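Make the full structure from the sequences, and use the hints.
2 protein chains.
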Amino acid sequence: MIHKEGKTIVIPTAVIKRLPKYHRHLGKLLKKGVEKISSREFGEIVGVSAPQLRQDLNHFGNFGQQGYGYNVEKLYNALAKVMGIEKKSNMVLVGVGNLGQALISATDFKRRGFNLLTAFDINPRLVGMTINGIKVRDIINLDQYVKDNDINIGIIAVPEESAQDVANQLVSAGVKGIWNFAPVDLKVPKEISVENEHLTEGLLRLSFKIKGEM
Amino acid sequence: MIHKEGKTIVIPTAVIKRLPKYHRHLGKLLKKGVEKISSREFGEIVGVSAPQLRQDLNHFGNFGQQGYGYNVEKLYNALAKVMGIEKKSNMVLVGVGNLGQALISATDFKRRGFNLLTAFDINPRLVGMTINGIKVRDIINLDQYVKDNDINIGIIAVPEESAQDVANQLVSAGVKGIWNFAPVDLKVPKEISVENEHLTEGLLRLSFKIKGEM
DNA sequence: TAGATTGTTAATCGATTAACAATC
DNA sequence: TAGATTGTTAATCGATTAACAATC
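Chain order of the listed sequences is Z and G.
Residue 1 is where the first sequence starts when you use the UniProt record's numbering, and the numbers rise one by one after that.
Residue 1 is where the second sequence starts when you use the UniProt record's numbering, and the numbers rise one by one after that.
Quick caveat, the hints were computed from the structure, so don't treat them as lab data.
Keep in mind it's a predicted model, so treat the numbers as computed, not measured.
Don't take each hint at face value.
[Stated by the list, open to error] Derived DSSO-like pairs (lysine-lysine); straight-line CA-CA distance at most 30 angstroms:
1. G:K21 <-> Z:K21
2. G:K187 <-> Z:K36
3. Z:K21 <-> G:K17
4. Z:K187 <-> G:K74
5. G:K81 <-> G:K21
6. G:K21 <-> Z:K32
7. G:K32 <-> Z:K187
8. G:K28 <-> G:K110
9. G:K17 <-> Z:K187
10. G:K32 <-> Z:K190
11. G:K187 <-> Z:K32
12. Z:K32 <-> Z:K81
13. Z:K17 <-> G:K28
14. G:K135 <-> Z:K17
15. Z:K17 <-> G:K36
16. G:K187 <-> Z:K28
17. G:K36 <-> G:K17
18. Z:K88 <-> Z:K28
19. G:K135 <-> G:K74
20. G:K28 <-> G:K88
21. G:K28 <-> Z:K187
22. Z:K187 <-> G:K147
23. Z:K32 <-> Z:K87
24. Z:K17 <-> G:K32
25. G:K187 <-> Z:K31
26. Z:K17 <-> G:K17
27. Z:K190 <-> G:K28
28. G:K110 <-> Z:K187
29. G:K21 <-> Z:K190
30. G:K190 <-> Z:K187
31. Z:K21 <-> G:K36
32. Z:K190 <-> G:K31
33. Z:K190 <-> G:K190
34. G:K36 <-> Z:K28
35. Z:K28 <-> G:K17
36. G:K187 <-> Z:K187
37. Z:K110 <-> G:K187
38. Z:K74 <-> G:K187
39. Z:K31 <-> G:K190
40. Z:K21 <-> G:K190
Spelled out as structure tokens, the structure:
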């Protein structure tokens, strides 16, 4: 959903899915020092047709210029704004197992404007530890912490069995979105956004594609 | 691509994307002891309309029975076969950083029929170690190992800068598919399948959805 | 200005849903 | 048999591509 000239326009989900990729490649072009790029060239890089790229972008504004193309920096910043990155999001992580620890150490999110403030776990052996500058707290403090620290994203990296329970806690504490790594389809109120990273599903799709070739 | 009654049929990508989810929920139902299920009930569980579910399944065969529904176990096994799980896939992991270690410890894949045989890294401090029963080898041995051990999937969990190089090595060693966790769009020959887990893109989509609500 | 490339409308393609005859 | 539910065709909806006038 977006507001444009007073009207409320719904952005097609297919478009939303492609935006992060556009943003990532624009970042790379920027780093390389590329100043401008045409929809044809950029489409080739991101694997999308030129008209589709133009249509996608025009959902959010007219960022290009006829006869010239798109200014890389301007487009990069415009997309960042569209995706809400310019205003940093505070996050907490729940579940400090192997995957949780990997997420704590990931540098990619910070670069893109996401702040991981702290982590929670139920395991007393982990509680109190500091990993990569991130303190691990007891999960009984989750509710209070989320309320006190303007947290809007909760990351779930707990086992399957407890994922729904953790989601409930995050929601009632007031997060706006959940980034879920447990292989579960969470039930949440419809005003809460969920993005799933069901890794095994990717592996199964890969398997399907491989077998299809044989 | 699939062969049915002599004809070669292309399966819509939208269908392929949904199959792993179907399979996962069938597994849960099976565990719960559910014997049969109608397309209406199952569609509700997986978040898909009943006719769509029936259409999806009918790309691969007629698994249901009028007036009865679908036998859960039969459908579960049928989908496993469709996705090529019944014949186990051998995998190697490249990159034993935080994420790589998390992948080594993940139990989910093994359950679904994937064998991780070994891991490779360039870091001498890691080479020789054994993590969760998985030996870490020097990456110079990658080519030989893949050739000798009937490996068909390579997992890439190395930093962005070396991902393409690792992909090239995996391809020339003979893998059929790559499961890629580096935030890069790999260039590979078209007969090689790639499945990307670009985690940060999920987070950006989540951010977009959240800001859209506000 | 002429050439290039956008923004946007119309045409096509693919995916989803509706409807219902077939059949267990 | 009657009721339920599939498999499948036709209708609708959404997403992609083609085409071109607008314009830098």
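Taking the hints in turn, this is what the structure says about them:
1. At roughly 24 angstroms between alpha-carbon atoms, K21 (chain G) and K21 (chain Z) fall within 30 angstroms of each other, so this suggested pair holds.
2. Restraint check for K187 (chain G) and K36 (chain Z): the C-alpha separation of about 24 angstroms stays at or below 30 angstroms, so the hint holds.
3. Proposed proximity of K21 (chain Z) and K17 (chain G) is supported: the alpha carbons are some 19 angstroms apart, at most 30 angstroms.
4. Restraint check for K187 (chain Z) and K74 (chain G): satisfied, since their Cα atoms lie roughly 28 angstroms apart, inside the 30 angstroms limit.
5. At roughly 15 angstroms between alpha-carbon atoms, K81 (chain G) and K21 (chain G) fall within 30 angstroms of each other, so this suggested pair holds.
6. Simply put, K21 (chain G) and K32 (chain Z) have alpha-carbon atoms about 39 angstroms apart, too far for the 30 angstroms limit, and the pair is violated.
7. Using a Cα cut-off of 30 angstroms, the hinted pair K32 (chain G) and K187 (chain Z) holds, with the two alpha carbons roughly 19 angstroms apart.
8. A distance of roughly 16 angstroms separates the Cα atoms of K28 (chain G) and K110 (chain G); the hinted pair therefore holds under the 30 angstroms criterion.
9. With a C-alpha separation of about 21 angstroms, the suggested pairing of K17 (chain G) with K187 (chain Z) holds against the 30 angstroms cut-off.
10. Proposed proximity of K32 (chain G) and K190 (chain Z) is supported: the alpha carbons are some 27 angstroms apart, at most 30 angstroms.
11. Between the alpha carbons of K187 (chain G) and K32 (chain Z) the distance comes to roughly 19 angstroms, so the proposed pair stays at or under 30 angstroms and holds.
12. Only pairs whose Cα atoms come within 30 angstroms are accepted, and K32 (chain Z) paired with K81 (chain Z) is accepted, the gap being roughly 22 angstroms.
13. A hinted pair counts as satisfied when its Cα atoms are at most 30 angstroms apart, and K17 (chain Z) with K28 (chain G) qualifies at roughly 28 angstroms.
14. With a CA separation close to 37 angstroms, the supplied pair K135 (chain G) and K17 (chain Z) exceeds the 30 angstroms bound.
15. Taking the CA atoms of K17 (chain Z) and K36 (chain G), the gap is near 35 angstroms; set against the 30 angstroms cutoff, the hint is violated.
16. Between K187 (chain G) and K28 (chain Z) the alpha-carbon distance is near 16 angstroms, which keeps this suggested pair within the 30 angstroms criterion.
17. A hinted pair counts as satisfied when its Cα atoms are at most 30 angstroms apart, and K36 (chain G) with K17 (chain G) qualifies at roughly 24 angstroms.
18. For the proposed pair K88 (chain Z) and K28 (chain Z), the alpha carbon gap of about 21 angstroms is at most 30 angstroms, so the pair holds.
19. Proposed proximity of K135 (chain G) and K74 (chain G) is contradicted: the alpha carbons are some 37 angstroms apart, above 30 angstroms.
20. Proposed proximity of K28 (chain G) and K88 (chain G) is supported: the alpha carbons are some 21 angstroms apart, at most 30 angstroms.
21. Taking the CA atoms of K28 (chain G) and K187 (chain Z), the gap is near 16 angstroms; set against the 30 angstroms cutoff, the hint holds.
22. Of the pairs offered as hints, the one joining K187 (chain Z) and K147 (chain G) is violated, with about 45 angstroms between alpha carbons and a cut-off of 30 angstroms exceeded.
23. The suggested pairing of K32 (chain Z) with K87 (chain Z) holds, with an alpha-carbon distance near 25 angstroms, which does not exceed 30 angstroms.
24. Restraint check for K17 (chain Z) and K32 (chain G): the C-alpha separation of about 34 angstroms exceeds 30 angstroms, so the hint is violated.
25. Only pairs whose Cα atoms come within 30 angstroms are accepted, and K187 (chain G) paired with K31 (chain Z) is accepted, the gap being roughly 20 angstroms.
26. Restraint check for K17 (chain Z) and K17 (chain G): satisfied, since their Cα atoms lie roughly 14 angstroms apart, inside the 30 angstroms limit.
27. Simply put, K190 (chain Z) and K28 (chain G) have alpha-carbon atoms about 24 angstroms apart, close enough for the 30 angstroms limit, and the pair holds.
28. For a cut-off of 30 angstroms, the pair hint linking K110 (chain G) to K187 (chain Z) stands: about 27 angstroms separates their Cα positions.
29. For the hint pairing K21 (chain G) with K190 (chain Z), the CA-to-CA distance comes to about 21 angstroms; that is within 30 angstroms, so the pair holds.
30. The hinted pair formed by K190 (chain G) and K187 (chain Z) fails the criterion: a straight-line CA distance of about 39 angstroms is larger than 30 angstroms.
31. A C-alpha spacing of about 41 angstroms is found between K21 (chain Z) and K36 (chain G), which places the hinted pair above 30 angstroms, so the restraint is violated.
32. Taking the CA atoms of K190 (chain Z) and K31 (chain G), the gap is near 29 angstroms; set against the 30 angstroms cutoff, the hint holds.
33. With a C-alpha separation of about 40 angstroms, the suggested pair K190 (chain Z) and K190 (chain G) falls outside the 30 angstroms cut-off, and the hint is violated.
34. In summary, the hint linking K36 (chain G) to K28 (chain Z) is not supported, as the alpha carbons are separated by about 51 angstroms, beyond the 30 angstroms threshold.
35. About 28 angstroms separates the Cα atoms of K28 (chain Z) and K17 (chain G), which keeps this hinted pair within 30 angstroms; it holds.
36. Distance hint between K187 (chain G) and K187 (chain Z) is unfulfilled; the C-alpha atoms sit about 38 angstroms from each other, more than 30 angstroms.
37. Taking the CA atoms of K110 (chain Z) and K187 (chain G), the gap is about 27 angstroms. The hint holds against a cut of 30 angstroms.
38. Between the alpha carbons of K74 (chain Z) and K187 (chain G) the distance comes to roughly 28 angstroms, so the proposed pair stays at or under 30 angstroms and holds.
39. Between K31 (chain Z) and K190 (chain G) the alpha-carbon distance is near 29 angstroms, which keeps this suggested pair within the 30 angstroms criterion.
40. Between K21 (chain Z) and K190 (chain G) the alpha-carbon distance is near 21 angstroms, which keeps this suggested pair within the 30 angstroms criterion.
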